[in-house]
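Model the full structure from these sequences, guided by the hints.
Residue strings, one per chain:
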Amino acid sequence: MSEPQSEFRVEMTINGRPKAANIEARKSLGDFLRDDAGYTGVHLGCEHGVCGACTVIVDGKAVRSCLMLAVQAVGCQVTTVEGIAEADGTFHPVQTAMREEHALQCGFCTPGIVCTLVALTDGEQETTEEQLLAAMSGHICRCTGYQGIRRAISRLAAGAAA
Amino acid sequence: MKPAPFDYVAPTTIQQACQVLSDAGGGATVLAGGQTLMPLLNLRMSQPFILLDINKIEALKGISRCQGAIRIGPVTRQCEALANSELARELPVLVQALSHVGHHQTRNRGTIGGSVALGEPAAEMPATAVALGAVIEARSVRGSRRIPAREFYLGPYMNVLEPDELIISIEYPDWPQGHVTLFREVAQRPGDFALVGMVGALAVEGGKIARAGIAWFGMGATPIAAVQAEQALLGQSIDGIDPQAIAELAVADTAPFDDHHASADYRRTVGRRIFARTLGEALNIRKAA
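Protein sequences appear in the order of chains A and B.
Count the first sequence with my numbering and you get residues -8 to 153, in order.
Count the second sequence with my numbering and you get residues 0 to 288, in order.
What the hints contain is simulated information worked out from the structure, not anything from laboratory work.
Glycine is no exception: its CB is placed at the ideal position from the N, C-alpha and C atoms.
A couple of the hints might just be wrong.
Claimed, not checked - For each label pair, taking beta carbons as the anchor points, the in silico distance ranges come out as:
1. A:Gln96 / B:Gly206: 55 to 65 Å
2. A:His93 / B:Gly67: 53 to 63 Å
3. B:Gly206 / A:Gln68: 53 to 63 Å
4. A:Cys134 / B:Asp191: 13 to 23 Å
5. A:Ser128 / B:Glu85: 25 to 35 Å
6. A:Ser(-7) / B:Asn283: 52 to 62 Å
7. B:Pro147 / A:Glu77: 34 to 44 Å
Stated by the list, open to error - As a list, the in silico DSSO-like pairs of lysine-lysine whose alpha-carbon atoms are at most 30 Å apart:
8. B:Lys1 / A:Lys10
9. A:Lys10 / B:Lys55
10. B:Lys1 / A:Lys18
11. A:Lys52 / B:Lys1
12. B:Lys55 / A:Lys52
13. A:Lys52 / A:Lys10
14. B:Lys1 / B:Lys55
15. A:Lys18 / A:Lys52
16. A:Lys10 / B:Lys207
17. A:Lys52 / B:Lys60
18. B:Lys207 / B:Lys286
Next comes the structure, spelled out in structure tokens:
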């Protein structure tokens, strides 16, 4: 075991690409993704775990990037909203559903919502419409209201069932 | 809103972690899932000299069976416990309570031990540990000790752990197959802390209550065991129980506060109702079975 220290060399894979940097131990994963890796699609809202805007996918699970230290993600596979669509720009089904149903207005909360829905629908286990809706309790949207988001989820669930 | 600087260390063994705590002389804070501690760090309400990350200690993870109990490692993620089939079969009320802890995204990081250790008075996990009679094992370089959950909490976010002690397991004693489970909470939104909540289990033998474990959350400075109600239930025939009367006794053990969400009177009134209704419904299901 190394001694406690305040600065670290971190390495992780972000959206399929390796990224390494020297950072302070106190830097959150969200700040690391934005400031050091340039993925400004990670939206930091409340920075204390309430709003869900900063949600990213770490090793397949949707987590708050403001509630995890970058040093804790060493060796992890991290996906931000920039890594959701295919390389040629083809939308993920979640993104298609969000667009078709007008599930965003200002778009601040959207990257987090997309990451949660992608993590759940791309996971090994089947997820029901009810589970997808329940997971939305972890996101706050302050402009569209939630009807478009609910419709996008219904569309996703119907698409998965078809 | 960024944490104040700290030194960070992530050991891989319990022994190393205990040594860090001992060496730090009270200056270290333990980081488990971080779903409460990270906000406190970001808000600088917590400014430790050393942040001891226990997420790399494999010996603190997982759910296993031991003599007469199910042992949960403190760094077991809430989402893993929620999906654990043995837990769902043996302690269904624990899984039911877990589904009310935070949100999908926070349960992916949040841990059982973190919740139990934090001791938020309105949270589900501390009250569930109290209700089911869990035993918390703490380790330090000085040795180990086992602390009943009912003796663990001193006040809001305060417990009996010494600064050099680390929780290494939480053991939930077995309840017999087919035991009656009790759970209900009233919260403003899903995932919020409860305004009022109750959780418990009843073992029935030969039509009589053989064992009762019930606790409140959101009804005082700590999770509160409904001791008078438990004692009144013991030995009673399930046909003769008056849920209203038991609920009165249960509320008598509480000491709720007024806050900006609800008054103490509101909490007592709602508590009395949900207790009577939950107990009555559970007994009716049992009688029909």
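Structure-based check of all given hints:
1. A:Gln96 / B:Gly206: 55 to 65 Å: holds, 59 Å
2. A:His93 / B:Gly67: 53 to 63 Å: holds, 56 Å
3. B:Gly206 / A:Gln68: 53 to 63 Å: holds, 55 Å
4. A:Cys134 / B:Asp191: 13 to 23 Å: holds, 22 Å
5. A:Ser128 / B:Glu85: 25 to 35 Å: At roughly 27 Å between Cβ atoms, B:Glu85 and A:Ser128 fall inside 25 to 35 Å, so the hint holds.
6. A:Ser(-7) / B:Asn283: 52 to 62 Å: holds, 59 Å
7. B:Pro147 / A:Glu77: 34 to 44 Å: Given about 55 Å between the Cβ atoms, the range is violated.
8. B:Lys1 / A:Lys10: holds, 22 Å
9. A:Lys10 / B:Lys55: Holds, at roughly 21 Å.
10. B:Lys1 / A:Lys18: The given pair, whose Cα atoms are some 8 Å apart, holds under the 30 Å limit.
11. A:Lys52 / B:Lys1: holds, 24 Å
12. B:Lys55 / A:Lys52: This hinted pair holds, its Cα atoms lying about 18 Å apart.
13. A:Lys52 / A:Lys10: Within the cut-off at roughly 20 Å; holds.
14. B:Lys1 / B:Lys55: holds, 24 Å
15. A:Lys18 / A:Lys52: holds, 20 Å
16. A:Lys10 / B:Lys207: violated, 63 Å
17. A:Lys52 / B:Lys60: OK: A:Lys52 and B:Lys60 at ~18 Å, within 30 Å.
18. B:Lys207 / B:Lys286: Given pair B:Lys207, B:Lys286 holds - Cα atoms ~11 Å apart, limit 30 Å.
Of the numbered hints stated above, those contradicted by the structure are hints 7, 16, listed in ascending order.
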